[in-house]
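Visitor: Construct the entire structure; sequences and hints are all you get.
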Amino acid sequence: MDYTEAISFLEPDEPYLLSTHVNADCDGIGGLLALRELLVQKKRVCRLVVSDETLNPKFAFLPGFKHIELYGALGDPRPFSRAVFVDTPTLDQQRVGGVRRLLAKHANTMIIDHHVARKPEGDVRIVDSGASSASELVYRLLLAAQTKIKPATATQIYAGIAFDTKLFRVSHPERGLKVCGELVDFGADPEAIADALFARESHETMVTLAAALGTLVLHFDGRVNTMVVDHETYRKGGDPDLVVDHAMAIDGVQAAMVLKEEAQGRFRVSLRSRGAVDVNRIAVAFGGGGHKRASGCRIEKSLDEAQRLLLAEVERQL
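Residue numbers for the sequence shown, in this note's numbering: 1 to 318.
Honestly, the hints are just simulated from the structure, not real lab data.
Keep in mind the model is a prediction, meaning the values are calculated, not measured.
Every residue, glycine too, gets a C-beta built ideally from N, C-alpha and C.
Incorrect hints may appear among the rest.
Each pair of labels, with its calculated beta carbon distance range [to be verified]:
(1) 55 x 129: 22 to 32 Å
(2) 302 x 104: 33 to 43 Å
(3) 167 x 309: 30 to 40 Å
(4) 119 x 214: 37 to 47 Å
Guide: As C-alpha cells, this is what we get:
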C-alpha cells in the first residue's frame, strides 16, 4: 500500500483532531496514541478526543493514555479543519459520536481502518481489509513516514494488534504476528501486554459474565448460542466483551451472539464466528459491520424480537 498521500495529509502545520469509534477499544486507542507520536515528532499540534462518557480502565496501562480527552468534558470544543479517524470506516455520528461536531464545515479527513465501508468516506483513506487491525496500519504509516519507533509506541501498537486478534487467534493473525515480532525488537513486552489485556478483570466484569452465562441458550443443534447482558447488569460497569469470548468457547458452537442492553430496548450486539457463518453479513443487515468472524451492530427492539431477527439471519447462512 502506498502511504505517500497519507504522509502528505499530515504535512500542513495545523491542529489535528485524532479520534476513533464510540465504545473505544484497544485497537482504536492504541492506534490513536501511536499516531500522536508521529505528529509529535513532526512538531504538529493534535488533540485526541473520543465520544465515550468514560474510557475502559483496562487500557490505562498504555503509555500516553492520559492524553485522551472525552468529548463531553471539553471546555473549548473548537472545530478542526484536519482530522484523522482510526478504526472506523465511516464518520457517521452513530459510529463516532459527538466528536463528529468538531469537524469544520469543509474539514479534510483521513480514515485508517481494516474494515471496508459500504460507501467510502474520508479525503484520504488507508483501508486494508487484509490487515490484522487498524493499529497495524498505523504502524506501517509510521514506518513510511520514517517515524522513530520508541518502546512506548511499540507497546501501543502491539496492544492494539493483540487485542483485535484476540491474542493472535482471529483477524489475520499471521500478519499481526509478523508485525508484533518487529515491535518486540522496538521494546514492546509481550508478557506484560498479554497480562494487562487478558489476565486481569474487574469484579464488575466477573459479575457481568456470571449474569450473562445464566442466560445462555443453544440454537440449531448447538451450532449457535445467544447470551444477554440486561440493562441492570450493563449499568454496573463491567466489560461485557469478555462475555463474547466465553460464548465462543463452547465446543461445537459455530457462531455466538451477545446482546448488551445499553438502554431499555436498545441493544449493542457482538457477533462472533469460527468462519462457517459470515457474521459481517448479519451485522450489515442491521446497519453494523466488521469482519467475517467478528462484527457488531445495534438493534432497537424488544429482546425477543431482536433475538428472533438475528437468529433468522443466522439460519439463512446455516
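Visitor: Confirm or reject each hint.
Guide: Verification of the hints:
no.	hint	verdict
1	55 x 129: 22 to 32 Å	27 Å, holds
2	302 x 104: 33 to 43 Å	41 Å, holds
3	167 x 309: 30 to 40 Å	32 Å, holds
4	119 x 214: 37 to 47 Å	40 Å, holds
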